[in-house]
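Just so we're aligned, residue 1 is where the sequence shown starts under the numbering used here, counting upward by one.
Hints listed in this document are in silico derivations from the structure and should not be mistaken for laboratory results.
Please read these numbers as outputs of a predicted model, since none were measured by experiment.
Cβ coordinates follow ideal geometry from the N, Cα and C atoms, glycine included.
This list has only true hints and no planted wrong ones.
Below are the SDA-like pairs computed for lysine to any residue, each with C-alpha atoms no more than 25 Å apart in a straight line:
1) Lys598 to Glu312
2) Lys18 to Val489
3) Lys481 to Arg541
4) Lys141 to Asn174
5) Lys80 to His228
6) Lys99 to Gly112
7) Lys225 to Gly67
8) Lys18 to Pro352
9) Lys598 to Gly321
10) Lys598 to Gly40
11) Lys225 to Leu420
12) Lys18 to Met529
13) Lys491 to Phe316
14) Lys387 to His228
15) Lys12 to Thr326
16) Lys51 to Phe24
17) Lys363 to Ser175
18) Lys80 to Lys387
19) Lys598 to Glu263
20) Lys51 to Glu263
21) Lys432 to Tyr340
22) Lys421 to Ala341
23) Lys421 to Trp400
24) Lys80 to Ala343
25) Lys425 to Gly83
26) Lys100 to Thr87
27) Lys363 to Gly291
28) Lys508 to Ile538
29) Lys363 to Gly321
30) Lys51 to Arg62
31) Lys18 to Leu8
32) Lys580 to Asp479
Label pairs and their computed distance ranges (CB to CB):
33) Lys580 to Asp63: 36 to 42 Å
34) Gln430 to Ile130: 47 to 53 Å
35) Asp63 to Lys438: 32 to 38 Å
36) Val172 to Lys438: 50 to 56 Å
37) Ser175 to Thr251: 15 to 21 Å
38) Leu8 to Ser175: 27 to 33 Å
39) Thr176 to Asp577: 44 to 50 Å
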Amino acid sequence: MAEAKENLLMEKIVSLCKRRGFIFQSSEIYGGINGFWDFGPLGAELKRNVKELWWTSMTRLRDDVVGLEATIIMSPQIWKASGHVDTFSDPMCDCLLTKKRFRADQIEPQSGQVFHFSGAKDSASGKESIEPFSVLLLAGKPPESARNVASQFYASRGINQAVLIGERTEKVENSTRFNPENGAQLTDPRPFNLMLQTYVGPIQSEENIAYLRPETAQAIFAQFKNVHETSRQKIPFGIGQIGKAFRNEVTPRNFIFRSREFEQMELEFFIKPDEATEAIHGSVANVAEIGHPGEPQPNWGWQAWHRYWVEERVRFYEGIGLSRETLGFHHQTPEELAHYARACTDILYKFPFSKRDESGEVKGDELEGIAARSDFDLSQHERHSGKLMGVFDEELRTAWGKLTPEKQADLSARYFSTRLKYLTKSGVPQEKAELDAKEDAEGLAKGQYIPHVIEPSAGVDRLILALISNAFQETTSTDEKGKTETRTVMKFHPRVAPVKVGVFPLLKNKPELVAKAREVFQLLRGQMMAFYDDSGAIGRRYARQDEAGTPYCITIDFDTLGEKPELLNTVTLRHRDDGKQERIPIADLQGWLLARVK
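Model the full assembly from the supplied sequences, consistent with the hints where possible.
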């Protein structure tokens, strides 16, 4: 029952998004295209606000982060180095009956009785198929339904009046080998590369293959040296980027949550390896795994930086209206982590479609991942491009000379071990890996190292869906005649609301009210997104703005014009969330609103 209510809520949200111009299906007049979405007038403003807030908080308000805007199509060698060409794939299964495609890791386990058939023979023509086929029968369903599915399968093989052969049954528990929609057998999982391929130049040939980027991060790594040298930044520092990415998802789902074209907001924050930090400061600080660790300290290692960025990102979400109660956290286990990663924390949002765990709690689905990726990415691009991606750290070289021989040997051995592990895992032959790791360890003594990275990576579209889901509220009221009305109010935080303020003349047939309202509208529209509306009763205008998520509405009435002298040049300001109204002088409006919406 709870799941049905959640699905109904999601249907209402999708309907509102189209009705009010937040989100439309791409190419709708041609039947649409699965996994692609267009943002309408309100959606475009909401998205722009979110990206601007991220950019401001991550770059403009920090001394240690700079920005980058890179191309969508880059050298295919970048994706070879990053591993995307060889390993960026999902396991895929096809239904043997309907040919529908499923991601193998997203099929819900099912239990029941499996009907196995060794083949079928056409009773009319005598034609025979010896292709085996199986059907999962869930508890409570008649055996004849499994036989009907099998008959449909053999009919697709030309056996139109099938007599099933070799029927046998067995019980299975938690199987993912059958179509959850009809019980038909699925093919074995096989990898399906998620990158969208194109060609650069006039000839479609193997050497002209290129890819639409599946993430924005790799451009940051490829441009690391240029940005580091031109921005005059020192480690630790970060490079942020907002941009489009593309993934040929097998099964796009849950509205805009999983799409084939989407936007990312990514930061690559480069830090010293722990061995360098320990050489300079004598030790590496550890911070508590709960709560914000405070302002960055010079002796922080990867664990402290990782914790810091998790909490910084949570603060960002809290600042735009997503409370901690709406969020969840998943700390990836060693089995889930990539071989080069030290830690990864996923920040989740409890969407209407999010599933419950064994205890009945809603865990949520991923909004953002914060990963401690070691020096893997820059190391990969150094190996594949032949260009040095390391940095020189004068502070490290000076500190190294002051260490005892025992400490130097200890730090060198640890750094050697880390680099050797990376090189061997990357396929470098053992003998060469040992030589390269030894050279890297000797470079540490000279103040040279490849920076490690902490990566907070967020999806813009997923965040938009979270904000819309979080804002969606329905209120039901009954008038004196007993008529019940349900109204939708989108309670966006003022900082992200698409429209900040609505401006209304009380009556549109009074030129003096309209002129004053237009004057106020012009005063505000240069500083924030304002909307002018003079159509319909004032209550209806309020309701329309409530549904758009506008936090404040201003009405110009006869008191504004001086009907009551003491209220001359004041307006009625209405608050969306509680309906409260107050009088504010026009001269104070701009400052009052900016303090709340910026």
